[in-house]
Structure formats: structure tokens, C-alpha cells
Amino acid sequence: MPNVRLPALLKRPVWLGLLLLALAHALLIPQAQAQPVHYGASRWDMRDGLPHNLVHSIAQDRQGFIWAATWEGVVRFNGRSFTVFDNENTEQARLSGVFSLLAEDDGSILAGTAFDGIYRHYQGHWAPYGGSGLRSLRVEDMRRTGDGTLWLSSRSQLLRVDAQGQPQPVPFPDGIEPGQIHGLYVDAGSLLVASVNGAWQVRDGKATPWGQAQGFAGKQVRQISRDGDGGWLVACSDGVWHWQADGRLRQLLASNRVSLVLGDSHKAVWIVSNDGWVSRIGADGSRQRLALGGLPSRAFFEDREGLLWLGNSQGLFRLAPGAARALTQDDGLGDNYARSVLQTADGTVWIGHAAGLQRWQGGQPGPVLAMPDPQLSGTVTALALDPHGDGVWAGTYEQGVLRFDASGKLLQRVPVAYASERSLMVRALLPTDDGLLVGTPRGLLRLAQGRIEPLGSTLGLGDYAVQVLSRDRQGRVWIGMESGMAVLGPDGRVEHWQAGKQLPAHSVFDFLHDADGTVWMATDSGLLRLRGDSLRVYDHRSGLPRNKMFRIIDDGRGRLWLSSNQGVFRVARAQFDAVDQRRQPLLAVDVIDSSDGMPASQINGATWPAGWQHADGQLMFPTGQGLALIDPELAGRDALGVPPVVFEQVMVNGNRQPLQDAYRLLQPTNRLSINYVALAFASPHKLRYRYRLLGFEEGWVEAGDGTEAVYTNLPPGNYRFQVQAMVMPLQWDNPARVGSAELGLEQVPVFWRRPLVMLAALLLLALLLGVWLYSRMYRYERRQQRLNRLVAQRTEELRLKNAALEAAGRERDDLLIQLERQALHDSLTELPNRRAADAYLQQALEQAAADGSPLCVALIDVDHFKAINDRHGHAVGDRVLAHLAGLLGKPSEGAVFAARQGGEEFLLVMPNNTLERALARMQVLCERIATTQLADAPRITVSIGVAAYGPGQEKVNTLLAAADANLYRAKEAGRNRVVG
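In mature numbering (1 follows the signal peptide of the UniProt record, and there is no 0), the protein residues as written are -34 to -1, 1 to 946.
Some hints could be false.
What the hints assert, rightly or not - List time: in silico DSSO-like cross-link candidates among lysine-lysine, alpha-carbon distance up to 27 Å:
| # | residue 1 | residue 2 |
| --- | --- | --- |
| 1 | Lys856 | Lys832 |
| 2 | Lys185 | Lys233 |
| 3 | Lys832 | Lys937 |
| 4 | Lys921 | Lys937 |
| 5 | Lys185 | Lys172 |
| 6 | Lys937 | Lys856 |
FYI, nobody ran anything at the bench for these hints, they're computed from the structure.
Work out the full structure: start from the sequences and follow the hints.
Structure (C-alpha cells):
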């Protein structure tokens, strides 16, 4: 990596001021403060599977499915899709104009219609409910009291269904009519009725005025609900009243547009107006309004998860508390397309977006700050803290770099028009003591004293777009580019990490510096962690939903927040060590996205800072639909519950089966299909599944978000189908978070494959075979005795002759092997001799010529061998040659062929070795021989000549001649060396 000197202007410790500012910012982040609960709305309509947009009633059955009644039938909702029951697909019921639904304790659903009375759905079947008097009745609302009585409202009539299933009218006081009945409410064994002519209480089959002292008797009462503290909430024609448990009465809202009121399980009050607004008054007094639009119906319901379901003329709505909320143009944001955000030490949040720059203080965005040139784009893409106050530096799309003071006053404008008439887009900013580092699509620039310097080119980084500039605690500047990254030290030296080489990623979008020197990097190839000299990559294989990430924020509670194109990922720091130490296979990742209240799941990036932590603990991320605000303590709470898992459908060979706990399959099963679903409505898209069929497979099949298991050609046997579900993050080993369901399956074999039938058939077959064999054996037995004697005699004669022939054959084979070895091997060294070597070398040359592979040979000669024989005797000389042969026969690397050419000369043939590799290997061999001491013998050296197969050296004699020439040169050069 090149080391480049930085100009003296950037060597001064100006980072100290910025470090102090960053430290001050960190100290401003206390333990996350409690934030008001914000609810978001999700909507489904005919485009999503509803048969009609107007939803009249909502209920939840015993299993947990959500049911909705519409003009065109009833639907059952599992959080992902609707199952429609209408006149076209339900022959047993006329489900047109369904006004009301009632979930019964036995798991059935009652549907009250506009023209045909009531129908009951139970275990997959529809049937008319009650006696003949209900057949053509208009049923607008239904309730069942604790004594089992079913109560109905039909326009201005209140009816009780008797034991024979016939409707009986409920008497009201003489001279008083309830008028149009708006709704029924069951409480403590009694029935409350909200009507045009006041509220009524039904006891012992009679209606009496309710709440006369509070003035409800003469008002139009539209809805009644409990408040959670023993009091009542009453929606009237003049607003919403709270009749508290101590008898006090106060008006929560004065309005003639109220249609519904509901007290939820959190003691919050929900008010639905006929102008499309839904208001929430929290138990802490906080208020929130949601604009849903449409005309309201009576459908307003809280499910077992505490989610609110509302129906109106625009479809089915789910109101759920979210860990996130949005700051958009509806809240005063100048433009929804946010690009960057930060907070200064005085608590002001600065937001850069497509319309410019805004200051957010006191919960309300201020006006968009004026840009110097209204003719150019005002988009603010990058921000940086001003080290000289509570102002900011702002990088723009076309207007260069702007400096604002804490009040939003423009102090300075610096054009960024290097090598272009137009100002370049600014992606990142980093102030220094004597200038400003600017990341642009044309590389890194330095602005100082009105001059622009192409610092990227000076540092050898090229003109790659710079997307992030970050300073660590040592004063080093980390530069993230669209291709690679670099680290610029205080001494001016730069370390360049090239994409695909030193860096296992292409683009770098953000850095996070830990106190211990660890650096985290958000890249297009995952989250990178640099700890010392170790670089670790965490991507989808480690459990992250996506590889590309734009921003990394540490919330101060041991968790990292990673922004992406599919939401924000929260990962506890301990998870990374757990995966590294193989204590768990994957990271446990919480995903926060639009379903949690974010304005959009796609977070903007490639400019800095694309996210910030507010002093109150909230996390802020820019999106294309507004600024996302995330409460880190609320995030992931949906994953704490156990999602109930139910079976929706079982199909055998294309035929739908009634749902039950176990199935006995009498016919061969060519295709078995099981549909399952977890009924967790807060975050259904975060549900993940796995299943297995015990008896067929032991391991779990990871189904992801799939909700169907298919098996084909199931063999006979007893099975247990098990399915598990969990809301992300996945921790299958934590049973407290896993929902499960199972059902039994018995595949009965066909008649002829049943055990008893097969056993009887086998016994009969065995009996028949026994009789046949006995008769055959009896006939052959006597003949066999005669033959046995003759065979024994002849066998003994053959055995004796064969033994003699085998002995002679072994003697001949041993002699041939001995002669062949003597002909091809040297008796002293046990190595192949020159004849064998020539044959092998010829084959090696032919192979090299055929496939173009390299081939080298080496001739090895013992230096001063004659002197060894003369001084120490031929016995020592023979030991030296045998010892050298042993070394040559055991190469240090790769395959070789060793042979004795004659005297003290040896040949090595090295297939698939280039000349360079052969020379290196022979050098190692030469040094090894020179350093080896043979007992009772002098130390020896060798000279080696190496030659490679090639032009002019294609034959045995030419290749050996070349090697011999090189051997001669090695001798002349002083011996104990390798020449090639």
C-alpha cells in the first residue's frame, strides 16, 4: 500500500475540537427516555382480497383468525391472505350483505345477514342457525350474555333468541321506543343497548333506561364501551363522555361527528369520527390522530394481541403501536425525500432533504432555510457539525458547501466546481482546522482559503466517489469510497484498501469506531469488523437479512443499528462474538421497517450522515417518504410473544380434508399438502417457519416465510407432522418464543401390503415350497450318494495334481521377478538403473509433448567421489551411494523418478515441474546433502545439472546432454551447486 505525505495544512491536531464536540454529543445521549406510543395504520381492500371494501363487523375466533363481514360475503384473515366465503363458493349459506359477526366459545362463527337471518360456520361447514323465525330476519348486531342467551338487533327491534331458536321481542317501557339501535354491549351478565333514543339496560328480559342521571336517556347514544377502570365510555350525538367508576362524568370530546368509542386493554380511549379521523387518548393523556378516510361502520375491535381492527368504506384497517414513527410533510417537513440528519449540542436536529435544510426544535420543524441561488436545486445531501459553534456545514446537490450558524443564518458559501463549470454534488464533509474535506462523485477534495485541491489524486486514491469521511480517536481519517477505502494518518501517510483485494467489498458507506480500536464498516458486501489485523465479514450467511448497509449506530446499550434498503437491523454486540465462537449458527437480528411505523422500509444512503441518534435515545434515519424515528426500547417487542400456530388446510391427492388432530389415510398418498400459519398479526411478514414429518425425516426443513409443506408418495407408516413458527430474530433453541402445532398421520398400506396378509402369504408359500423341495430331495438323495463317492475320488486326484502345478508355477514366477528386477534395478542402491530410467524418461517426454505440461531432469554427481574411495575404501563409498539414493528416493515435495545412471551419477526426472521450480527443489536437495553427516563417513557434496524439456531438448539424448552440460558447468564453477 502506498505511503503518501499529506500537505502540512492537514497535519495540525484540529481533530481535537471535533473529538470534544463528538464527546459532548455522546454525553447528551442519556439512557433512552420513554417515548409516547405511536400507532400506525395498515389497510387491506379489494386489491388485497376483500370481496367488498365496506367492512361491517369484525370478530376473532377461538383459534385466533380475524373475521370480517362485508356486503359480498365473509372473509377469514390469517395476517397474510384472505379466505372468502360468499354466495359463489358456499352452497350452504347465502352470505350476501353480512352485517354482524359473533365468535362463539366453541370455535364457531355466527354471521348475521341483511336478508337471510343467521348462518353458523363450524369446522369448515356453513349451516343456517336457529328456527324458521330467523330465516328472513335482518340481523345488524349480535351479542351473547353469560347465561347463554343470544341477543339480536334488527333496525329498531331488540330480539332474544329462545330455546327453540325463535326470535322474541324485548319489551320496552310503555310509550317509549328505542328507535334505530346502533349497537349492543355485554357487561356483567346484562345487555346494554345504544340507540337513537338513549341507552338501555336489559335485565330479566326487560329493558330499562340506563344512565338517566347522567343525561344519556334522552340523547342519541351511538356506542358504549368500558374504560378499563370500572367506568364507561359513551359516544353520543354531542361527543364522547366518560362516566367514571366514582360516578363523576366528564366530556372527553365535544363533537357531533363521533361514531364509535372504544376503551382498549391499555386504558386508552379510541374515538372514530364520521369524517375519517381516528383519535387516541392514552392513559397518560397523550393524544394522537390518524387520518384513515372513508365512512365508518360499526366494525371496531381489539384482538388478543392488543391490536385494534377497524372497518369502514375503504376496507379493513389494523391499528398497531409501532417502534417507529414518521416525520413527513404532514408534520411540517419541507420534503419527504430526506437525505441526511444530525443533531447539534444545543439539541437542534438538522434535516437535509430534497427541498433544502430544516431545523427541528421543540417537536416542530422550522421553515426551510433559504438557499443562496433559488434557480438551482436546493437539495441538501450531506451535513457535518461546525467545530466553531452549534451550527452546521451543509453539502448540497448543486450549490456547493454552505455554512449555517445555530439560528439557521447562512454564514458562508463555498462552490465545489473542480474540473467542472457546475458545482459537484457533496456526499460527505469533514471540517479541519485550516480547511474542509469534501467527498464528491469526483473523489476527495480539500477546500481551503478559497482554493480547491484534488486531494484524492494527490493521495493516490484516484477519482472514485467518496461517500463517508470519519475520524477515529487517534486522529486518523477513514475514507469510504464507491470502490475501496483508505485511512489517512495524522502524519500524512495513507493506507489504501482496494476493492476485491485488501477489502472484501466494493463500496463503503459508513464507519463506527470502538474505544478499543475496533472499526465497523457498512459496505455493499455486508458488515465488516476490523479488529487488529483481523477482518471479519458478516453478511446473509451470518444471518443478516441483506448484505448492503448504509449506516451503523451504536445506541449505547450494547446494540448496533444497521440501515438498509429493507429496513433497519438491530443486532446485539454479543451476537457477533457468539457466532464467531460457534455458540450459535446465526446472528439474531431484529428488523424494523414500514410495518413498525417507519414511513418506508428503504433507507437512503451513499451520503453522510444517513442516520443519527437523538439525545433522547431515538434513532433517526432518512427515507424517501420522510424521516423515520425509532424508539430503540420498543423495537422488537413483537418478537417476545409466542405466535399461535394453526392448520388452515390439509389436501390429500388434491382432495381437501376436514381439519382434525389426526388422519388415517386408507388410499395410497401420491401428494400430501399441509397449509399452516401463525396468527401473529402485529408483524406477520416477520414470521419464519420450519417443519418436519417425524417417521419420515428427523431434521427440520427451514421453510422461511413459506406456509405449505408437501410430501409425495408417502410410504406406509405412522407419522407426526410438526411445525414451528417464530417472529424474527430467529432463536429456535428458545422455547419461550416458539409457537408450534402438530398433527398425526397414519398411512395405511393397501390390503395386500398389510402385515397379517403378507405374513399369511409367506407362510403358505413356505409350505408349498417345503412340499416341493421334499419330493425333489427324496428323488435325488439316492443318486446323490452315488455321485458323492465318485466326486470324492476324482476330487482327491485333481487336488494332488493342482498342488504340484501350483508349486512349479510359484517357483517360475519368483525366478522371473528376480530376473526382471536385476535387469532394471541397481543392486547397490535399489534404484532403477539406466535402462529403466531411459524408458521412463521416454514416457515422460511423450506425456509432456501430448498435454504441454512442463518436465525437467537433473543429473546429480557426487563431488570428489574417487577421493572418497581412495581414502576410505570402496565399502564407505558404497555406503555413501546407498545413503544418497535413499535421499533421492524420498523427495521433499512433489513426485520425482530417481535412478542411478552409473558410478556416482544419478538421474532425477521431475514431471509437471517448471525449470524455476526444479532449480529451487534441487537447491534445497543440494543444501540438504551438504548438511547431512553419515556415520563413519566423510561429509559429501553434490553438483547438479538441470535441464527442461523444450525446443532442441525434446528427446532423451538431447535433454540428458543439456543436463550433463549444466552438470559440467556446476563442476567447473566449484562444485556443490546447481546449474540449469
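task = Against the structure, test the hints numbered earlier, and report the numbers of the ones violated in rising order.
result = none
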